[in-house]
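With chain F held as given, fit chain B onto it using these hints.
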Amino acid sequence: MSIIVTKGSLDWAYPPFILATTAAAMGVDVTMFFTFYGLPLLLKNLDLNISPLGNAAMKMPLAGMHMTMPNIACMIPGVDAAASRLMKNLIKKKGVASITELRALAVEAGVRMIACQMTLDLFEYKLEDMIEGPELGGAATYIEVATQAQINLFI
Amino acid sequence: MVDQTLDAKGLNCPLPILRAKKALQTIPVGGTLEVLATDPGSVKDFQAFCNTTGTELVESGQQGTTYRFVLRRKH
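If you read the sequences in order, they're chains F and B. Add 488 to the 1-based position in the first sequence for our numbering, that's all there is to it. Add 66 to the 1-based position in the second sequence for our numbering, that's all there is to it.
Extracted from the complex, chain F is given alone in its bound form (with noise of 0.2 Å):
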C-alpha cells in the first residue's frame, strides 16, 4: 500500500498514520510519500493544529451541544488555537492516539517514509530536523513503489 500525504494539520495528519499502522498490522507492506503540507509531519518536533476556517463540516462536541465556527470568527487571533487546544482535549479525553505516537509505531512497524526532496527544497526544511528514518525520493521513486502496491491513497 502507499499513502500520499499532502497534509500536516492535526485533523488531516490521522487517516495516512492510522492507515499506515493498521495496514502494517495487517502485514501488508506500507510506504508514504511525504509531500507540500505534508512534509512537517515529519519534523522531530510537531507543533499540529487545526483552523476552523472554510471548514463547513467542523461541529465541535462543547457542553453536549455541537459548535460550528463562523468564517468570520476565525478571523480573530487565539481562535485557531483554541480550536486546536479544544481538539487535542478531545483526542486525550477519547483515548485517541497522538500523531507522534502513532508516527513511532509506524516506524517500528517498517513503514517505509520518503520525504519528497522538492518540497525540502521549496521550504527550507532540513533533513537534520526531520526524524530518524525517511529517505529523500521524487515522484519517480514514489511512481516505482505505487505500481508495485495493490492500494494507493493521496490523502
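In case anyone wonders, no lab produced these hints; they're calculated from the structure. This one's a predicted model, so the numbers in the text were calculated from it and none came from an experiment. One thing to keep in mind: the hints can contain errors.
Said to hold, decoys possible - Here are the simulated DMTMM-like cross-link-like pairs (lysine to aspartate or glutamate), alpha carbons at most 25 Å apart as the crow flies:
#1 Lys-75(B) / Glu-589(F)
#2 Lys-580(F) / Asp-73(B)
#3 Lys-88(B) / Asp-517(F)
#4 Lys-75(B) / Asp-517(F)
#5 Lys-75(B) / Asp-499(F)
#6 Lys-580(F) / Asp-111(B)
#7 Lys-110(B) / Glu-589(F)
#8 Lys-140(B) / Glu-596(F)
#9 Lys-110(B) / Asp-517(F)
#10 Lys-88(B) / Asp-568(F)
#11 Lys-110(B) / Asp-609(F)
#12 Lys-88(B) / Glu-632(F)
#13 Lys-576(F) / Asp-73(B)
#14 Lys-140(B) / Asp-517(F)
#15 Lys-581(F) / Asp-73(B)
Stated by the list, open to error - Here chain B is said to cover these stretches of chain F; the calculated rule only asks that three of the stretch's residues, wherever they fall, bring their Cβ under 8 Å from a Cβ of chain B:
#16 526 to 533
#17 577 to 584
Every residue, glycine too, gets a C-beta built ideally from N, C-alpha and C.
For chain B alone, coordinates are given in the frame of chain F:
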C-alpha cells in the same frame, strides 16, 4: 486459559489492533491472546484483522461495555 491478556480498554481506533498485533508477536505460535476493549468498532476490526492476517478469532463477545476477543497465533 489464555496465554496472555491485553487490556485495551479506553483506547480508540487503531490502538487496540496495533497493541494486539504487538502482543501476538510475543506469544508462541499456537498460543492465545485475550484482548479487552471498549471501542465498539473493535468488533468488526478484529474480525477483519484476523481474516487478513490468518489469525484465528477463537472468541468474540461482549460483557457490559467491554468487548472480549480471544485470538490464536497461527504463524
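So, going through the hints one by one against the coordinates:
1. This hinted pair checks out: Lys-75(B) and Glu-589(F) have alpha carbons roughly 18 Å apart, not beyond 25 Å.
2. Distance hint between Lys-580(F) and Asp-73(B) is fulfilled; the C-alpha atoms sit about 18 Å from each other, no more than 25 Å.
3. At roughly 16 Å between alpha-carbon atoms, Lys-88(B) and Asp-517(F) fall within 25 Å of each other, so this suggested pair holds.
4. Using a Cα cut-off of 25 Å, the hinted pair Lys-75(B) and Asp-517(F) is violated, with the two alpha carbons roughly 28 Å apart.
5. Under the criterion of a C-alpha separation no larger than 25 Å, the hint pairing Lys-75(B) with Asp-499(F) is consistent with the structure, at around 23 Å.
6. Taking the CA atoms of Lys-580(F) and Asp-111(B), the gap is near 22 Å; set against the 25 Å cutoff, the hint holds.
7. This hinted pair checks out: Lys-110(B) and Glu-589(F) have alpha carbons roughly 24 Å apart, not beyond 25 Å.
8. Annotation: proposed proximity of Lys-140(B) to Glu-596(F) holds, straight-line Cα distance about 22 Å (limit 25 Å).
9. About 22 Å separates the Cα atoms of Lys-110(B) and Asp-517(F), which keeps this hinted pair within 25 Å; it holds.
10. Our distance criterion of 25 Å between C-alpha atoms is broken by Lys-88(B) and Asp-568(F), whose separation comes to about 37 Å.
11. Our distance criterion of 25 Å between C-alpha atoms is broken by Lys-110(B) and Asp-609(F), whose separation comes to about 43 Å.
12. Our distance criterion of 25 Å between C-alpha atoms is broken by Lys-88(B) and Glu-632(F), whose separation comes to about 30 Å.
13. For the proposed pair Lys-576(F) and Asp-73(B), the alpha carbon gap of about 24 Å is at most 25 Å, so the pair holds.
14. With a CA separation close to 20 Å, the supplied pair Lys-140(B) and Asp-517(F) stays within the 25 Å bound.
15. Taken as a hint, the Lys-581(F) and Asp-73(B) pair is honoured in the structure, with Cα atoms around 17 Å apart against an allowance of 25 Å.
16. For the segment 526 to 533 of chain F, the stated coverage by chain B is not satisfied: 0 residues place a CB nearer than 8 Å to a CB of that chain, which falls below the threshold of 3.
17. With a threshold of 8 Å between beta carbons, the proposed coverage of the segment 577 to 584 of chain F by chain B holds, since 3 of its residues qualify and at least three are required.
In the structure shown, a violation is registered for the earlier hints numbered 4, 10, 11, 12, 16, in ascending order.
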